[in-house]
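S.K.: Residues per chain, in single letters:
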Amino acid sequence: MSIASAGQQGTGSTSVRPWVVEDTNAGRFDVRRAAFTSNIVSDEMLRVFDKSWVYVGHESEIPNKNDFVARIVAGRPVILVRASDGSVRVLQNSCSHRGAEVCRESRGNARLFVCPYHAWTYQNDGLLRGTSFPDGVSKGFDRKRMGLKSPPRVETYRDLIFMSFDRDIADLPTYLGRAKEILDLILDQAELGMELVEGTHEYSIDANWKLLIENSIDGYHAPSTHQRYFDFLNRNAGSVDPGSARFSRGIDLGNGHAVMTGDARFPRPVALWAPMMGERAKPQIDKVYARLVERFGEDRASQIATRSRNLFIFPNLIINDVQAITVRTFYPVRPERMSVISWALAPRGESKELRKLRLESYLSFLGPGGFATPDDVELLESCQRGFANREAEWSDLSRGMSDAEPNALGEEQMRAFWRQWNRMMSAPESQASEIRI
Amino acid sequence: MTTNTLRLEVEDFLYREALLLDSWRLDEWLTLFTPDATYGVPAPDAPEGSFEESLFVIADDLPRLTDRVLQLMGNEAWAERPRSRTRRMITNVMIERETDDGIEVWSNFALFRSRLDKISVFFGRNNYLLARAEGGFSIRRRRAVLDLESLQSVGKISFIL
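Order-wise, the sequence lines are chains A and B. Mapping of the first sequence onto this note's numbering: position 34 corresponds to residue 44, and the numbering continues sequentially without gaps. Mapping of the second sequence onto this note's numbering: position 160 corresponds to residue 265, and the numbering continues sequentially without gaps.
Isolated chain A (complex conformation) (with noise of 0.2 Å):
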C-alpha cells in the first residue's frame, strides 16, 4: 500500500509534490523537510487548527464568576471567562469596531471589557453594552449584532476547554475519541478533580511547531538527549527498575491523536516511589496507591500509578503524566519558530507534602530550567538548522514499521500525528490557498 497523497488531487500539477510517504511494503515512512520550513503557516491554521477542537484552558483557572484568563490560543488573542451568568465562554479578544483589544491583562476578574481605543464597552458574555457618544451613530447600526466574536464551538472534556472555528465538527468527546481512554487514566488520579499549580512555564523555540510533537512523544530520543537526566537519577537514588518484562507501547489512538506509555523508570507522586523521594515520603505514596487499588481494583490502579503517558491530541495539546502531569500547548509563530505554554496539572486537595513532592519531581525533567526539556529545545533547533541542507529532503519516520505491536522506541505514535496533518494538509479545499512549497 502506498499513500503518496498530499498536494496532489486536483491540481494536476507535476510541481506540487507529497509531504508525507507511507509505503508499508517498503518499511518506508517519510515527511518532506519543507513541512518545517516552507511558509505554509496560513495554511495550516486554516487547514488544520480551524478544522480541529483546540486547547483552550483550565476550568480551575476561572473559579468564580467573571474571572477572566487572556492569552493567545493558536494564533489568536483570546479570553476566556467565567461570564456573570457562570458560562464559560471563550471570546475573540478584538473590538467589533476597529479591532483592538478590549482585554488588555492577562488574567483578573471584570464585568466589562471596555476597548481603550474608542471605549465601546461590553458584557463578559460578549454582548456590546454601549458605544461612547451614541448621539452619532449612524441609522443602521444595531448594537445587538455587534457583539465580541465568539468561536461556534466551544465544549468542556473534564475541565479542558476546547474551541473549535468548524461549526460542523463532531463534538469534542467524538473527536478525542480513545484518547478518552488515556485520558482518563491521568485525570482518574484526582478524586475532587485537578487544577493547574500556580506558575507558568511561557516560552518560544526557534523551531517549527511540528518538531515539538514529534519530540514530546518521541522515547527513541530519551537515552541519548537525556543521559543527563539518568546519570542524576543514578546518582541520587532516582532509578525505578521495571523489570525484565517491561511494558511499551506507541500507539495511533485515530483522528491524529496518539499515545506512548510504558513502565516507568522514574519516580512519580501518584505514585512509585523511589529513594529519591526520602524514606518520609514513601508511606505517603504507599497510601496514594492503596487509595487507587480501593477506587479501581489493583489492575488499573498499577497501570495509573506506575506507567508513564505521554499523550498528544491532535493538532497541539501534549499532556504528558510523567515525572508530574505537564499540560503543554503551542503554536507557529512563524514557519521557524514556536510559542509554548505549560502549565503543572494536580489533583485539587493534594497534602502539602505530595504537592511538594510533585513539583519536585516536575522540575527534575521538566520546563526551561529542568533538566531535560533545555536540551530539548536546543536539539530542535538543531534540526531547524540543519533543514538548511534542503538537498536532504525527508526525515525518516518508519522505525517499528515492522513490529505487530510498536513501542515506544518506535516512530509509530509520531505516523499517527502525520497521516492526520497529511490528510488534512492534502484534501481538497476550495476554502484553503493553495499548498505553496
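Honestly, the hints are just simulated from the structure, not real lab data. Owing to the predicted nature of the structure, the values given are computational and were not obtained by experimental measurement. For every residue, glycine included, the Cβ atom is placed at its ideal position computed from N, Cα and C. Misleading hints may appear alongside valid ones.
[What the hints assert, rightly or not] What follows is a list of derived Cβ distance ranges for each label pair: (1) B:Leu221 <-> A:Asp296: 38 to 48 Å; (2) B:Glu254 <-> A:Pro252: 33 to 43 Å; (3) A:Lys297 <-> B:Glu157: 35 to 45 Å; (4) B:Arg190 <-> A:Ser412: 38 to 48 Å; (5) B:Ser258 <-> A:Asp406: 28 to 38 Å; (6) A:Ala255 <-> B:Val226: 31 to 41 Å.
Add chain B to chain A, keeping to what the hints say.
M.R.: Leaving out everything else, chain B in the frame of chain A:
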C-alpha cells in the same frame, strides 16, 4: 560596623560571585552555599511564589544544585554544549535587613548571554540571604526574580542565572 561598610563588603562578595559564574568556575561557586541553601527562579507570572505551592522554573536545594553543576560541567548537557558566554552587571545593592537568620540583600542584575550567534538579555533582581562565614559570607538563599513577562525572548534557562 556601619551599614555602609557592610554594603561594601556585600558588594565585593557579589562581584566575586558574578565573576565565578561568568567564568564557569561552578565548583568554586558551589562552595559559597550553606548545606540548607536554596536557589530559585520563580515563574515570571508568580514572582512571589513558594517552592511548596508554586511551579518555579528552577527550585533547587543544595543536593539538586550540586547535581545541576555536575551536569553543566559534564559532557551531556547539550543545551550548554557549547557553553553560553555570559556577563552580568550587578548594581543597586541594598541591605534589606540583618537578623539572626542572616543578612537579606537585594541587588539588580542585567545578564547578557551570547550563544550560537544569538544574544539574550536576562534582567531582574536577586534576593539573597547571606550568613557570616570565615573570610566573608556564605549563601543561604539565592532567588533570581526576572523582570521578563515570560521566557518568550530567552527560550530557556540552561545555565546558572
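S.K.: Hint by hint, say whether it matches the structure.
M.R.: Status of the hints after comparison with the structure:
1. Look at leucine 221 of chain B against aspartate 296 of chain A: about 47 Å separates their beta carbons, and that is inside 38 to 48 Å.
2. With their beta carbons about 42 Å apart, glutamate 254 of chain B and proline 252 of chain A fall inside the hinted range of 33 to 43 Å.
3. In this structure the supplied range 35 to 45 Å is violated for lysine 297 of chain A paired with glutamate 157 of chain B, their Cβ-Cβ distance being about 19 Å.
4. Between arginine 190 of chain B and serine 412 of chain A, the C-beta spacing of about 46 Å keeps the proposed range 38 to 48 Å intact.
5. A hinted range of 28 to 38 Å holds for the C-beta pair serine 258 of chain B and aspartate 406 of chain A, which are about 34 Å apart.
6. Taking the beta carbon of each, alanine 255 of chain A and valine 226 of chain B are about 51 Å apart, not inside 31 to 41 Å as hinted.
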